[in-house]
Amino acid sequence: MAAMVEKKGVGRWLTHGALIIGICIICFPIYVAFIASTVTQADLISPPMPLVPGGHFIDNYREALLSGMSAPVWRMLLNSLIMALGITIGKIAISIISAYAIVYFRFPLKNLAFWLIFLTLMLPVEVRIVPTYEVVAGLGLLNSYSGLILPLIASATATFLFRQLFLTIPDELVEAARIDGAGPMRFFVDVLLPMSRTNIAALFVILFIYGWNQYLWPLLITTDPSMNTIVMGLKQMLPSGDQTVEWPVIMATALLAMVPPVAVVLFMQKLFVKGLVESEK
Amino acid sequence: MEKRVTFNNRWLPYLLIAPQIFITVVFFFWPAGQAIYQSVFIPDPFGLKNQFVGFDNFIFLFSDQYYRSSFITTAVFSTLVTAISMSLSLWLAVLADRVIKGADAYRTLLIWPYAVAPAIAGVLWLFLFNPSIGILPWYLAHMGYHWNHTLNGGEAMSLVVIASAWKQISYNFLFFLAGLQSIPPSIIEAAALDGASFWKRFWTIVFPLLSPTTFFLLVMNLVYAFFETFGVIHTITAGGPQQSTTILVYKVFADGFVGQDLGSSAAQSVILLLVVGVLTVIQFRFIERRVHY
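In order, the protein sequence lines correspond to chains B and Y. Counting in the numbering used here, the first sequence runs from -15 upward without gaps. Counting in the numbering used here, the second sequence runs from 25 upward without gaps.
If you are wondering where the hints come from, they were derived from the structure by calculation, not from laboratory data. Just so you know, not all the hints are guaranteed correct.
The list that follows gives simulated cross-link-like pairs (lysine to aspartate or glutamate, EDC-like), each with its CA atoms no further than 16 Å apart [as the list claims (entries may be wrong)]:
1. Y:LYS73 / Y:GLU213
2. Y:LYS27 / B:GLU230
3. B:LYS219 / B:GLU230
4. Y:LYS73 / B:GLU159
5. Y:LYS125 / B:GLU159
6. Y:LYS224 / Y:GLU213
A few chain Y residues that face chain B, going by a derived Cβ cut-off under 10 Å, partial list only [claimed, not checked]:
7. PRO55
8. PHE79
9. PHE82
10. VAL247
Quick reminder that beta carbons are idealized off the backbone N, C-alpha and C, glycines included.
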């Protein structure tokens, strides 16, 4: 807003003060988790827990990464990475070519195809969870990367986004390409792909976070601990009933699980904001 | 919806669209069809054959007190999450919009919870409020309040609401901030010159101009609270105590996978499909309006 309307003196300090308080409250859970990941179990089970970092950072993270509980955390991080990249690349690839077909070609049954795709808009896997599980089990895809990835790349959002983008690209480019004798695939690779580069990157950031943070689906279809992803693996570490668990290791795992997506948001902030705003339009 | 100039090719468009159609049919329409099919059958006790029962599963579902109360739980939960998250984010966005120095730093510090998975948000808040070792129950106990969300339904609901709203603040903040920044400064300046106070300007100018953003966020937050908070509920309360935090999406899972009641779970899936359909139509209407200005 304009500098003219900005309060001077006390008002300005109050604004900054209120923002800082808000940020402290929002960051508090992460701060506490970080502290808990640097102390020993003994420090935690006699409340109140300390609020300054302890000296067991390396021990706890080493234990989480190398041994974990049911599976070592490095293995779960690797599974999450494969799943997140698979979903991201798969979604972008199938939706950019289907958007290309819908915008640049005329063919029978096109409207039917269009509506089949767009009916899936906003339909989370949680809603149709039981039958989707049965389908994937029937196909023999339990405990496999294909089973983790394929059901989640069926979504219309990315297709919608690319369709909007292609509709803004001037027709003259197609005419020019045709006069130059370029075929449809040549036009796609040499003209459309380079023009979509920033949109692809922005979508990549959003979809990577979406893929990484999947929870219910991996929880159902990976019964083999070596196929667990980090977000669901963390839940498996939580105590059920009266059993005692190593809270410092759990908290170290929680922080490791959020580092990749948070890093993506922070380091690619511009692309992230662009992707978020555009994919919701 | 298509270009004036198009390519002519008999088989290429089908080839291009085939992967998406294939995935959609196999993992969306087939399961959705199964859900509809199963919702009108009851498997016999030995699982050998299905008996057609028409709408019995739905009638049974709506006569089930737990299912009806799950609707109320969902309504309470999503209203609270939406209201708390949106009002806090609007407040933060208005503040961030007022500062000039350090605005980027504030934004950076406020947007990262977006990247935290709902299930991880659940674990973080569960740890903070753990009745035996959590730091907040310890302070509450010193103030004379004994927190135990594993026994008290109201406390369980508060905790899942807090964790879910916390995770959604960044999302709302980003959209509110973008909305505020698109309001022309000259309008605000004119009102300020006329002597309108900050609050007067906010309620008479800023808030009405923000209404498209607010409406969009309202729909998105409801969708989030209905469907994407599964991880929060599953990690913190598992729907308990006494189903006090069993929202509809959680119940589909609990009845289908834990209770193995497939007919009921399928009927619930069909009902949720209808809810999603309605929300999608609302959203679509809104998208059309926004695109055409």
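Okay, the hints, checked on the actual structure:
no.	hint	result
1	Y:LYS73 / Y:GLU213	73 Å, violated
2	Y:LYS27 / B:GLU230	60 Å, violated
3	B:LYS219 / B:GLU230	13 Å, holds
4	Y:LYS73 / B:GLU159	60 Å, violated
5	Y:LYS125 / B:GLU159	49 Å, violated
6	Y:LYS224 / Y:GLU213	13 Å, holds
7	PRO55	4 Å, holds
8	PHE79	19 Å, violated
9	PHE82	16 Å, violated
10	VAL247	7 Å, holds
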